[in-house]
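Chains A and B, in that order, are what the protein sequence lines are. So for the first sequence, numbering that gives the first Met the number 0 puts the first residue at 0; every next one is plus one. So for the second sequence, numbering that gives the first Met the number 0 puts the first residue at 0; every next one is plus one.
Treat the hints as calculated values from the structure; they're not laboratory data. Note that this is a predicted model, so its numbers are computed, not measured. A portion of the hints provided could be inaccurate.
[To be verified] Label-pair distances were calculated between CB atoms; the ranges are: (1) K19(B) with T221(A): 46 to 54 Å; (2) Y213(A) with K7(B): 15 to 23 Å; (3) K19(B) with R147(A): 18 to 26 Å; (4) L313(A) with A84(B): 25 to 33 Å; (5) T221(A) with N1(B): 16 to 24 Å; (6) N176(A) with N1(B): 44 to 52 Å; (7) T25(B) with N176(A): 53 to 61 Å; (8) Q145(A) with G77(B): 16 to 24 Å; (9) R5(B) with P158(A): 34 to 42 Å.
[To be verified] Here are the simulated lysine to any residue pairs, SDA-like style, with alpha carbons at most 25 Å apart: (10) K109(B) with Q145(A); (11) K21(B) with N198(A); (12) K270(A) with T221(A); (13) K120(B) with K270(A).
[Said to hold, decoys possible] A few chain A residues facing chain B, derived, Cβ under 8 Å: (14) Q47; (15) Q145; (16) E151; (17) L152; (18) K188; (19) V189; (20) W192; (21) G202.
Where is the CB? At the ideal position from N, CA and C, for every residue including glycine.
Take a look at the letters that make up each chain.
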Amino acid sequence: MKKIGKQTIEFEHSVNILGSFSIVGPKEGKGNFSEYFDKILDDDLFGQKSYEKAERKMFLTAVLGALKSCNLKTSDIDVLLGGDLMNQIISSNFTARELQSPFLGIFGACSTMVESLIVGASLIDGNCFKNVACFTGSHFSTAEKQFRYPLELGTQRPPTSQWTVTGAGCTILSSVNSDIKIKQATIGKVVDWNVSDLNNMGGAMAPAALETLYTFFEDTKTTPNDYDLILTGDLGKLGSEILRDLMEFRGYKLGTNYGDCGQMIFNKNQKVFQGGSGCGCVASVLNSYVIKRLKQKKAKNAVIVATGALMSTLSSQQGDSIPCIAQLVLLETKNV
Amino acid sequence: MNIKERDKKYNDYLEAKIPKTKPWPTLFHAFWIGGLICLIGEIFKDLFLLIPNMTEENAGIFESVSIIVLASILTGFGLYDKIGAYAGAGSIVPISGFSNSITSPAIEFKREGLIFGLCAKMFIIAGPVIVSGLVASIVVGLIYFVF
């Protein structure tokens with residue numbers, strides 16, 4: 000492992016994506032990636048008594064599914080890395096309780112998936128760990144309850160709003176060789192351009208995505224054209240348009256290889272305004288669409304930039320603006 | 000460019016960039032649904048007036064109670080949020096909106112228990128309205144008392 004440029008890491012040992020699993024709710028299952036998801040729920044309560052319990056059951060299903068996809072057992076996991084949006088990351092903590100594997104809880108809001116991949120890849124590159132399970136997710140109903148209004152309250156969503164994805168994903172990283180590898184990662188800084196509109200997360204997070212993506216291109220001396228797929232996590236339609244503007248202003252024009260998981264996950268008829276958001280957005284898309292594209296050799300590399308808004312309802316009520324972060328990993332397939 | 004200038008420039012850019020709510024369709028939705036709720040209220044009132052010895056004042060009270068109960072039932076069946084998403088203020092301003100604002104957190108937080116969940120959280124939306132109402136009535140009461 001070595002540092003290149005200002006904020007980028009290059010993994011020198013082989014860090015492989017061995018297994019993956021994605022699980023989503025019924026609404027996401029009717030979206031654009033339905034054919035890619037491993038499991039689509041019929042009922043977003045998942046047979047549980049509360050949405051919080053359903054969220055952790057999704058996490059557990061994702062981890063067990065990912066292990067099964069590469070024929071590993073729970074006891075093969077050296078460390079679990081997970082986080083979520085709930086206070087005190089309860090969904091991840093309760094999942095780790097069930098799995099009884101060593102666990103590091105992490106929090107990066109909606110950037111958690113990529114943050115866990117960066118930590119996991121570093122642990123494997125350090126030659127200490129063999130298999131690391133990285134998981135995260137979100138649930139529309141738990142996020143609404145914690146951050147917004149009761150589900151049945153008759154309010155209107157503003158046109159800039161996004162829809163929290165009900166979904167979870169798990170990636171198994173390993174030192175054992177496979178077709179897809181994590182080559183590089185850029186650790187983001189907390190960026191705050193003084194946006195405080197909680198209904199415009201894309202606008203708040205776009206500068207964080209800009210700083211991380213720009214630093215990655217500068218550090219690696221590459222351009223957007225060197226990559227088959229550049230995906231941001233959950234900027235949504237508006238946020239990704241803003242990112243295009245900001246990147247162009249800094250001298251990097253994003254082409255048709257750029258997309259946003261939040262914008263892509265739902266289709267136009269699903270009334271979600273700017274698109275999806277939440278930890279589950281990038282987690283479910285990465286562990287389905289992206290990994291399958293790479294496996295099928297339809298893309299030889301993919302840059303994933305997961306963005307997270309790091310405020311709480313308390314900080315917002317006290318008038319603070321929204322601090323944001325973006326974490327980046329570069330995935331590559333072996334000899335295409 | 001210093002940080003303050005950058006933030007201001009970015010927020011100005013955002014302001015110009017964000018999609019705005021279209022006022023005319025929104026107003027129309029609010030107008031006809033709001034009007035419909037009031038019409039239903041008037042129908043209830045006229046029906047109550049058919050009851051022998053019913054006064055105008057009592058019929059009005061029964062009307063409000065009926066709308067409150069109806070909105071609460073619609074909330075329970077998961078329909079009022081759909082009406083609200085379409086009508087906006089049209090379904091928030093009438094008393095049915097107040098009913099919805101109390102029933103919806105009651106449903107949401109019933110899993111946290113009867114006392115600390117349902118009862119404690121029931122007024123998280125309607126609470127400020129009740130507080131303002133109480134404060135206003137105290138002020139009016141004092142004015143009435145003094146003059």
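Comparing the hints with the structure gives:
no.: 1; hint: K19(B) with T221(A): 46 to 54 Å; in the structure: violated (38 Å)
no.: 2; hint: Y213(A) with K7(B): 15 to 23 Å; in the structure: holds (21 Å)
no.: 3; hint: K19(B) with R147(A): 18 to 26 Å; in the structure: holds (21 Å)
no.: 4; hint: L313(A) with A84(B): 25 to 33 Å; in the structure: holds (27 Å)
no.: 5; hint: T221(A) with N1(B): 16 to 24 Å; in the structure: violated (30 Å)
no.: 6; hint: N176(A) with N1(B): 44 to 52 Å; in the structure: holds (50 Å)
no.: 7; hint: T25(B) with N176(A): 53 to 61 Å; in the structure: holds (57 Å)
no.: 8; hint: Q145(A) with G77(B): 16 to 24 Å; in the structure: holds (20 Å)
no.: 9; hint: R5(B) with P158(A): 34 to 42 Å; in the structure: violated (26 Å)
no.: 10; hint: K109(B) with Q145(A); in the structure: holds (15 Å)
no.: 11; hint: K21(B) with N198(A); in the structure: holds (17 Å)
no.: 12; hint: K270(A) with T221(A); in the structure: violated (37 Å)
no.: 13; hint: K120(B) with K270(A); in the structure: violated (29 Å)
no.: 14; hint: Q47; in the structure: violated (10 Å)
no.: 15; hint: Q145; in the structure: violated (11 Å)
no.: 16; hint: E151; in the structure: holds (4 Å)
no.: 17; hint: L152; in the structure: holds (4 Å)
no.: 18; hint: K188; in the structure: violated (14 Å)
no.: 19; hint: V189; in the structure: violated (14 Å)
no.: 20; hint: W192; in the structure: holds (5 Å)
no.: 21; hint: G202; in the structure: holds (5 Å)
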